[in-house]
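In order, the protein sequences belong to chains A and B.
Going letter by letter, the first sequence gives residues 1 to 299 in our numbering.
Going letter by letter, the second sequence gives residues 1001 to 1292 in our numbering.
Possibly wrong hints are sitting among the right ones.
As the list claims (entries may be wrong) - Pairs of lysine to aspartate or glutamate, EDC-like flavour, derived with a Cα cap of 16 Å:
no., chain 1, residue 1, chain 2, residue 2
1, B, K1132, A, E99
2, B, K1075, B, D1221
3, B, K1222, B, E1170
4, B, K1009, A, E99
Hint data in this document are derived by calculation from the structure and do not stem from the laboratory.
The structure presented is a predicted model; accordingly, all values stated were derived computationally and were not measured.
The lines below spell out each chain.
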Amino acid sequence: MFKSRRFQYNIPLFIMFAPIIAYFLIFKFAPMGGLVIAFKNYNFTDGIWGSAWVGLDHFHTLFTNPNMLNILRNTLVLSFLQLVLGFPFPILLALMINEIRRSWFKKTVQTAVFFPHFLNWVIVGGIVITIFSQETGIVNNIMRWLTGDSYPYLYNTGSWLAIFIGSGIWKSAGWGAIIYLAALAGVDQSLYEAAGLDGASRLRQMWHISLPSIRPVIFIILILSIGSIMEVGFDQVYMLQNSAVSQIADVISTWNYRVGITGGRFSLAAALGFFESIIGLILVLTANSIARRFNNGLW
Amino acid sequence: MMRESQGDKTFGVVNNILLLLFSLSCLLPMVHLIALSFSSQSAIVSGQVGLWPVGSTIQAYEKLFENSRILTAFKNSVIITIVGVALNLLFTILCSFPLSRSYMYGRRFFTLAIVFTMLFSGGLIPGYLLVKSLGLVDTYGAIWLPGLVSVYNMLVMRTFFLGIPEELVESARMDGGGEWTVLFRIFLPLSLPVIAALGLFYGVGHWNAFFNMLIFIHSPDKHNLAVMVQQMIMSQSIMQEIGNLSPEDFKTITPESIKSAGIIVMVVPMLLVYPFLQKYFIKGMLIGAVKG
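Chain B extracted, bound-state conformation:
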């Protein structure tokens, strides 16, 4: 390694400082919200809260969880995510395995037809009318079914399947195994990292589901966290209802604390899986980047 010139050293330092600043800007807003959610009313109103709670209190969380609506929403989010991911993975596997087999009839045709749906779609209204005519409005079917297979994720998995050596398939055939055996005994065990990655991809999508919840789910007891938090942010009266707050309560808690607490409740599960997300996501993205 050569000695670095003065200019290169300066470049390296400036580069690192700029990146450090941008990194901080990505994390600090969340830290600020955590601080707000634990701060007292007087501290927030007088603008003392920065990155650390002032006048620590857990009142905002107590108020939120006193009422069962936020717990119901949390439970709904969990159900939507778990069932959704299971369905997504099943259908993504069933789609990508046949399309990765060179001997499949019409493989090229089916692949092109499916990729075409990435470029052109019926759009919002026909999709909405379809869900409505299938009687799925106000059921989670409306959330799970229209997005059963993400074409992008499917292509990632197909690319991975294409990389599995053909000899393994041959040897399974020698032992008398059919396609299902090849899929379940060979492909799936080898693809666990990719399945985990895609499961997380889909999982984040379901946890964050907002628009489809907004247009398809009307019963408040079926709402997920995203919709509930959105309503709390947008309307003080809904916040009062969700938090079961009386005007008296606002003398000790600010709406800001409650909003922040709601947001934090929604972010915490994401933070817990974030280390895995990062590990697998990047792997998944890199597999996808290889043209299949």
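Looking at chain A on its own, in the form it has when it is part of the complex:
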């Protein structure tokens, strides 16, 4: 059996694959095991395995802390707004780009709208802070010119929220549209011709042909985004937050960084991380099983 050809082929394959197995075990699966510190009182001298078990104490501490409710609420509110307002935007953008007839214009638009995706939040945050600054920002310069008054956009919760969500859409909408554009490129052109002969306007064609053809892709992206509803990216909040809006800007990721990494309360932060991961997993599985009922599941 060990002389079989398949076995012979597999020896070099597993020599290649051994470092990969080691990588995933050490850097992906070991941290999953490391989550046990959420149920322990971790300290450096005793290490992960030597630290004492404390059961669900950390979870108790977390969820009896009134501040934590605030953090969870902020996280859910921000990511829910991101999902509801941000999700349709790439779809709309793709449908609109798909309607462009001149190919040079299509290319130009794509070049422009993909660009922000490649900037990280340090840059996008820097741009936002510069543009909306009350003293020297261009938005307030224009405001002053129009109305004679300026406004602290970044220091008022309402306008901060709008800027937060808006900058996220600005950065990711173009990139998010690519996958829908790819799906739209595969739509049978004779459908449009037939609809056109029947007198359907371009808007109706968009609604009745383009949109239904990309429905499976929309479902896939929706499932994936629902799975991350407990996540509000650290970088974006970290760059845009300030003391005036911390009441609504403090989220799980920033709390985890502050309490866990800089505060050194590893077990407590790990407990919150564990909670977040589990909810995320449950959400993906649930969303997928619902989508599967409509034959649009991810797996």
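Starting from the structure of chain A, add chain B where the hints point.
Here is chain B on its own, set in the frame of chain A:
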């Protein structure tokens, strides 16, 4: 082609105008920052700067580059990116090639186990403690190693490998070639576009690296551009230190110019590779969109 109705024409025009506006909104902020970085203090304070520099000056850049810290950060960013991409590509290839071979033992098991890591992870704290216990804190190992293989990119490459005709593999076997020969003589030469695409994917990620730098790298001389620019944006005192600025200097340069100049320094290399990015990225995304 039929004649378009009046309604369809209007639709086309409105559609194009809206897209033009959104496209402009994606580019103009950057143009505005470039203008700020080249504008004089008085022009900025009186709010005259729009999309074109007013009272042109390159003082902000001079100040930035006078001090070696920004150059060190630039060099660090380059090192992190180049070494990081090389490691990423090597490991992504070593991972996706075996998983694309139908005769690999346990192929399904390994694929599922790896895809599972996309859905569930230990999260921030266990990952941090792991890096710490491996003694990687304050070394670039902490930046390179935890993200060695992006599962998504790996699946893209595997999908591409699956599309390579089996006959080519057979013919290499006839000539007595083993798996390494098949990989290096057949698969890699055929996959150059995909390797380029993924290299750019990874490269942008490393160039933009921020969070991992923030939590793992503590020595200021090891910081990359992202961390340095972030500190400059957040704190005027750090900006003074980085730019070696005296309070006197702020009479001729505004903090806005310096911040903008810092951001531009970080964006320019990205702009230079952007044409390639666009070409290969979309190709890469499309390959990934085909279910493997």
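Cross-check of the supplied hints:
1. B:K1132 x A:E99: 52 Å, violated
2. B:K1075 x B:D1221: Roughly 10 Å between the alpha carbons, so the hint for B:K1075 and B:D1221 holds.
3. B:K1222 x B:E1170: Since the Cα atoms of B:K1222 and B:E1170 sit roughly 49 Å apart, the hinted pair is violated (cutoff 16 Å).
4. B:K1009 x A:E99: With a Cα-Cα distance of about 11 Å, the restraint between B:K1009 and A:E99 holds, given a limit of 16 Å.
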